[in-house]
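Using the sequences and the accompanying hints, generate a full structural model.
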Amino acid sequence: MSELELDQIDSIEIIWNLCEKYEDAKDHTQGVYLHEWDKKPFYWGKVDKSVFGGNPRKINGEPVNPRYGTSYRHWIEGCLQHGAKLYIGKLGKVFEGAIERVEQTLMEEFPSEMNRKEEQNFKPILLLHKGKVPECIIDSGKYK
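Residue 938 is where the sequence shown starts when you use the working numbering, and the numbers rise one by one after that.
Treat the hints with care, as some may be off.
[Stated by the list, open to error] Derived PhoX-like pairs: lysine-lysine, alpha-carbon spacing no greater than 20 Å straight-line:
{"no.": "1", "residue 1": "Lys1060", "residue 2": "Lys983"}
{"no.": "2", "residue 1": "Lys1069", "residue 2": "Lys983"}
{"no.": "3", "residue 1": "Lys1079", "residue 2": "Lys1060"}
{"no.": "4", "residue 1": "Lys977", "residue 2": "Lys1022"}
{"no.": "5", "residue 1": "Lys976", "residue 2": "Lys1069"}
{"no.": "6", "residue 1": "Lys986", "residue 2": "Lys1027"}
{"no.": "7", "residue 1": "Lys983", "residue 2": "Lys1027"}
{"no.": "8", "residue 1": "Lys1022", "residue 2": "Lys1067"}
{"no.": "9", "residue 1": "Lys1060", "residue 2": "Lys976"}
{"no.": "10", "residue 1": "Lys1067", "residue 2": "Lys977"}
{"no.": "11", "residue 1": "Lys1069", "residue 2": "Lys1079"}
{"no.": "12", "residue 1": "Lys976", "residue 2": "Lys1067"}
{"no.": "13", "residue 1": "Lys976", "residue 2": "Lys958"}
{"no.": "14", "residue 1": "Lys1030", "residue 2": "Lys983"}
{"no.": "15", "residue 1": "Lys958", "residue 2": "Lys1069"}
{"no.": "16", "residue 1": "Lys1030", "residue 2": "Lys1069"}
{"no.": "17", "residue 1": "Lys1067", "residue 2": "Lys1027"}
{"no.": "18", "residue 1": "Lys1030", "residue 2": "Lys1060"}
{"no.": "19", "residue 1": "Lys983", "residue 2": "Lys958"}
{"no.": "20", "residue 1": "Lys958", "residue 2": "Lys1027"}
{"no.": "21", "residue 1": "Lys1079", "residue 2": "Lys977"}
{"no.": "22", "residue 1": "Lys1022", "residue 2": "Lys976"}
{"no.": "23", "residue 1": "Lys983", "residue 2": "Lys1022"}
{"no.": "24", "residue 1": "Lys986", "residue 2": "Lys1030"}
{"no.": "25", "residue 1": "Lys983", "residue 2": "Lys995"}
{"no.": "26", "residue 1": "Lys958", "residue 2": "Lys1022"}
[To be verified] Listed next, with one range per pair, are the computed distances between beta-carbon atoms:
{"no.": "27", "residue 1": "Arg994", "residue 2": "Ile1075", "range": "31 to 37 Å"}
{"no.": "28", "residue 1": "Ile946", "residue 2": "Gly1020", "range": "33 to 39 Å"}
{"no.": "29", "residue 1": "Asn1052", "residue 2": "Ser1008", "range": "21 to 27 Å"}
Simulated from the structure, these hints should not be mistaken for laboratory data. Computed from a predicted structure; not experimentally measured. Beta carbons: idealized from backbone N, C-alpha and C, even for Gly.
Have a look at this one:
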């Protein structure tokens, strides 16, 4: 999809899942994730050219590296056992540039404690939240 076509997309659906352990999230790809603490966004991330966890592998014949390899398992599990939540968001449509645009929109609408990305002048997109929606989104007053 060209940049012109991407700008013509006005909304994208995100289907959220709450992961109770690292194993639940490790195979996630082509979407976004949220580390949430005390019902507040702690860190937004994306997995567009990677998988969330596990070991390096091939998907459709292409080598793919994990965002949080097995060496991070203890850290993710420890956070989850002590009150953090991990949400994985699958996009209803995936096309060139969509994941980054969704991540930027999430960071702008729901600022987090740890994200420090430079503004990239993406046109915000209407996000339609489904599934197990993160508490910070529900509590924001922006969720319908």
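A quick look at each hint next to the structure:
With a C-alpha separation of about 18 Å, the suggested pair Lys1060 and Lys983 falls inside the 20 Å cut-off, and the hint holds. Of the pairs offered as hints, the one joining Lys1069 and Lys983 holds, with about 18 Å between alpha carbons and a cut-off of 20 Å not exceeded. Distance hint between Lys1079 and Lys1060 is fulfilled; the C-alpha atoms sit about 18 Å from each other, no more than 20 Å. With a C-alpha separation of about 10 Å, the suggested pairing of Lys977 with Lys1022 holds against the 20 Å cut-off.
About 13 Å separates the Cα atoms of Lys976 and Lys1069, which keeps this hinted pair within 20 Å; it holds. Taken as a hint, the Lys986 and Lys1027 pair is honoured in the structure, with Cα atoms around 14 Å apart against an allowance of 20 Å. At roughly 10 Å between alpha-carbon atoms, Lys983 and Lys1027 fall within 20 Å of each other, so this suggested pair holds. Proximity of Lys1022 to Lys1067 is assessed by CA-CA distance (about 17 Å); at most 20 Å being required, the pair is judged to hold.
Proposed proximity of Lys1060 and Lys976 is contradicted: the alpha carbons are some 27 Å apart, above 20 Å. With a C-alpha separation of about 18 Å, the suggested pairing of Lys1067 with Lys977 holds against the 20 Å cut-off. For the given pair, Lys1069 sits about 16 Å from Lys1079 by alpha-carbon distance, which is consistent with the 20 Å threshold. Restraint check: the Cα-Cα separation between Lys976 and Lys1067 comes to about 17 Å, which is no more than 20 Å; the hinted pair holds.
For the given pair, Lys976 sits about 18 Å from Lys958 by alpha-carbon distance, which is consistent with the 20 Å threshold. Restraint check for Lys1030 and Lys983: the C-alpha separation of about 15 Å stays at or below 20 Å, so the hint holds. In summary, the hint linking Lys958 to Lys1069 is supported, as the alpha carbons are separated by about 15 Å, within the 20 Å threshold. For the suggested pair Lys1030 and Lys1069, the alpha carbons sit about 18 Å apart, so the restraint of at most 20 Å is met.
Taken as a hint, the Lys1067 and Lys1027 pair is honoured in the structure, with Cα atoms around 10 Å apart against an allowance of 20 Å. Of the pairs offered as hints, the one joining Lys1030 and Lys1060 holds, with about 17 Å between alpha carbons and a cut-off of 20 Å not exceeded. Straight-line distance between C-alpha atoms of Lys983 and Lys958 comes to about 18 Å, which keeps the hinted pair within the 20 Å bound. This hinted pair checks out: Lys958 and Lys1027 have alpha carbons roughly 17 Å apart, not beyond 20 Å.
Taking the CA atoms of Lys1079 and Lys977, the gap is about 14 Å. The hint holds against a cut of 20 Å. For the given pair, Lys1022 sits about 9 Å from Lys976 by alpha-carbon distance, which is consistent with the 20 Å threshold. For the hint pairing Lys983 with Lys1022, the CA-to-CA distance comes to about 16 Å; that is within 20 Å, so the pair holds. Of the pairs offered as hints, the one joining Lys986 and Lys1030 holds, with about 16 Å between alpha carbons and a cut-off of 20 Å not exceeded.
For the suggested pair Lys983 and Lys995, the alpha carbons sit about 18 Å apart, so the restraint of at most 20 Å is met. With a CA separation close to 9 Å, the supplied pair Lys958 and Lys1022 stays within the 20 Å bound. For Arg994 and Ile1075, the hinted distance range of 31 to 37 Å is satisfied, since their beta carbons lie about 34 Å from each other. Range check, Ile946 to Gly1020: about 36 Å between beta-carbon atoms, so the 33 to 39 Å window is met.
The supplied range of 21 to 27 Å is met by Asn1052 and Ser1008, whose beta-carbon atoms lie about 22 Å from each other.
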